[in-house]
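Chain by chain, the residues:
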Amino acid sequence: AQTVTQSQPEMSVQEAETVTLSCTYDTSENNYYLFWYKQPPSRQMILVIRQEAYKQQNATENRFSVNFQKAAKSFSLKISDSQLGDTAMYFCAFMKYRRSGNTPLVFGKGTRLSVIA
Amino acid sequence: NAGVTQTPKFRVLKTGQSMTLLCAQDMNHEYMYWYRQDPGMGLRLIHYSVGEGTTAKGEVPDGYNVSRLKKQNFLLGLESAAPSQTSVYFCASSSHEGSYEQYFGPGTRLTVT
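Which chain is which? The protein sequence lines are A and B, in order.
The numbering of the first sequence is my numbering, which starts it at 75 and goes up by one.
The numbering of the second sequence is my numbering, which starts it at 45 and goes up by one.
Be aware that a few hints might be false.
Unchecked claim - With beta-carbon atoms standing in for the labels, derived distance ranges:
| id | chain 1 | residue 1 | chain 2 | residue 2 | range |
| --- | --- | --- | --- | --- | --- |
| 1 | A | Ala-191 | B | Leu-113 | 28 to 34 Å |
| 2 | B | Ala-126 | A | Phe-138 | 37 to 43 Å |
| 3 | B | His-140 | A | Asn-132 | 26 to 32 Å |
| 4 | A | Met-85 | B | Gly-60 | 37 to 43 Å |
| 5 | A | Gln-76 | B | His-140 | 17 to 23 Å |
| 6 | B | Lys-58 | A | Ser-86 | 37 to 43 Å |
| 7 | A | Gln-88 | B | Gly-95 | 43 to 49 Å |
| 8 | A | Arg-186 | B | Pro-105 | 24 to 30 Å |
| 9 | A | Ala-75 | B | Asp-70 | 29 to 35 Å |
| 10 | A | Glu-84 | B | Val-56 | 45 to 51 Å |
Unchecked claim - Here are a few chain B residues that sit away from chain A, every Cβ distance over 10 Å (derived from the structure):
| id | residue |
| --- | --- |
| 11 | Asp-70 |
| 12 | Glu-123 |
| 13 | Gln-129 |
To be verified - Below, in silico cross-link-like pairs of lysine-lysine (DSSO-like), each with a Cα-Cα straight-line distance of 27 Å or less:
| id | chain 1 | residue 1 | chain 2 | residue 2 |
| --- | --- | --- | --- | --- |
| 14 | B | Lys-53 | A | Lys-183 |
| 15 | A | Lys-183 | A | Lys-129 |
| 16 | A | Lys-144 | A | Lys-183 |
| 17 | A | Lys-152 | A | Lys-129 |
| 18 | A | Lys-170 | B | Lys-101 |
| 19 | B | Lys-115 | A | Lys-183 |
| 20 | B | Lys-114 | B | Lys-53 |
| 21 | A | Lys-183 | A | Lys-152 |
| 22 | B | Lys-115 | A | Lys-170 |
| 23 | A | Lys-170 | A | Lys-129 |
| 24 | A | Lys-144 | A | Lys-129 |
| 25 | A | Lys-183 | A | Lys-147 |
It is worth saying that the hints were derived from the structure and are not from the lab.
Glycine included, every Cβ here is placed at the ideal spot set by N, Cα and C.
Okay, chain A solo, but in the shape it has when bound (with noise of 0.2 Å):
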């Protein structure tokens, strides 16, 4: 089975400053795909950023940029130039890849993540 580990309940970050959540987790899979999800107090689950597991590229969106060590097993998040609008919980998932279709997501306990003015 597959377990997704976000070390760093609670983080702080002033705003305009780089934050890093880290993300770890064990699977036996050679092919899969990892996500960061971000839950603002709205409770809506937003899809910030993906990564498949086959790319060795490191994804970017905007701000936004992963760190993916596949070996370590590691998937950890950058948010350059923080704003108040990114104060949320950020979850760390993992999908495994099937031929035949999606599976579901296994999910970290999450990072709650507040942006200081």
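Following the hints, complete the assembly by docking chain B onto the known chain A.
Same frame as chain A, but now just chain B:
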């Protein structure tokens, strides 16, 4: 498109009562999922469906039943609610091809007293 909708948004039940949570999606997605979110636990999979008429158990299925009679709907039932089922319930759906992204509903907050 409304995306993924959930009914109701909030509910309070007494122990032993039953209820059904409805999830609907208008994106013609094959896959649908029910997760529960508890403080400090992240989201955990209850049941899921890979197509109309099919269901499968997830990590925490006990005390719940599901049905997928129509492709666009996925129902989660609690036959005899227990306080341990107090949680926020999320439904999600995804396509069988493409980006593999799961689209989430707004959640249902359920309290069992």
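Cross-check of the supplied hints:
Here the CB-CB span from Ala-191/A to Leu-113/B is close to 50 Å, at odds with the stated 28 to 34 Å. Roughly 39 Å separates the CB atoms of Ala-126/B and Phe-138/A, a value that falls within the hinted 37 to 43 Å. Distance hint check for His-140/B and Asn-132/A: the Cβ-Cβ separation is about 27 Å, which falls inside the suggested range of 26 to 32 Å. Judged by the Cβ atoms, the range 37 to 43 Å given for Met-85/A and Gly-60/B holds: they are separated by roughly 41 Å.
Between Gln-76/A and His-140/B the beta carbon distance is about 21 Å. The supplied range of 17 to 23 Å therefore holds. The supplied range of 37 to 43 Å is met by Lys-58/B and Ser-86/A, whose beta-carbon atoms lie about 40 Å from each other. Look at Gln-88/A against Gly-95/B: about 48 Å separates their beta carbons, and that is inside 43 to 49 Å. Taking 24 to 30 Å as the suggested C-beta distance range, the pair Arg-186/A and Pro-105/B conforms, at roughly 28 Å.
For the hinted restraint 29 to 35 Å between Ala-75/A and Asp-70/B, the CB-CB distance of approximately 33 Å keeps it satisfied. A beta carbon spacing of about 29 Å between Glu-84/A and Val-56/B contradicts the range 45 to 51 Å that was offered as a hint. Even its closest Cβ contact with chain A, about 17 Å, leaves Asp-70/B beyond 10 Å, as expected for a residue assigned away from the interface. Taking the minimum C-beta to C-beta distance to chain A, about 23 Å, the non-interface status of Glu-123/B holds against the 10 Å cut.
Interface exclusion of Gln-129/B from chain A stands, the closest Cβ pair being 18 Å apart, more than 10 Å. Simply put, Lys-53/B and Lys-183/A have alpha-carbon atoms about 23 Å apart, close enough for the 27 Å limit, and the pair holds. Of the pairs offered as hints, the one joining Lys-183/A and Lys-129/A holds, with about 26 Å between alpha carbons and a cut-off of 27 Å not exceeded. Of the pairs offered as hints, the one joining Lys-144/A and Lys-183/A holds, with about 21 Å between alpha carbons and a cut-off of 27 Å not exceeded.
For the given pair, Lys-152/A sits about 18 Å from Lys-129/A by alpha-carbon distance, which is consistent with the 27 Å threshold. For the given pair, Lys-170/A sits about 16 Å from Lys-101/B by alpha-carbon distance, which is consistent with the 27 Å threshold. At roughly 30 Å between alpha-carbon atoms, Lys-115/B and Lys-183/A are farther apart than 27 Å, so this suggested pair is violated. A threshold of 27 Å between alpha carbons decides the hint, and for Lys-114/B with Lys-53/B the separation of about 21 Å falls inside it, so the pair holds.
The hinted pair formed by Lys-183/A and Lys-152/A meets the criterion: a straight-line CA distance of about 18 Å does not exceed 27 Å. The straight-line distance between the Cα atoms of Lys-115/B and Lys-170/A is roughly 23 Å, inside the 27 Å bound, and the hint therefore holds. As the CA atoms of Lys-170/A and Lys-129/A are separated by approximately 15 Å, the hinted pair is consistent with the 27 Å bound. Of the pairs offered as hints, the one joining Lys-144/A and Lys-129/A holds, with about 10 Å between alpha carbons and a cut-off of 27 Å not exceeded.
Restraint check for Lys-183/A and Lys-147/A: satisfied, since their Cα atoms lie roughly 17 Å apart, inside the 27 Å limit.
The structure is inconsistent with the numbered hints 1, 10 and 19, although it conforms to all the rest.
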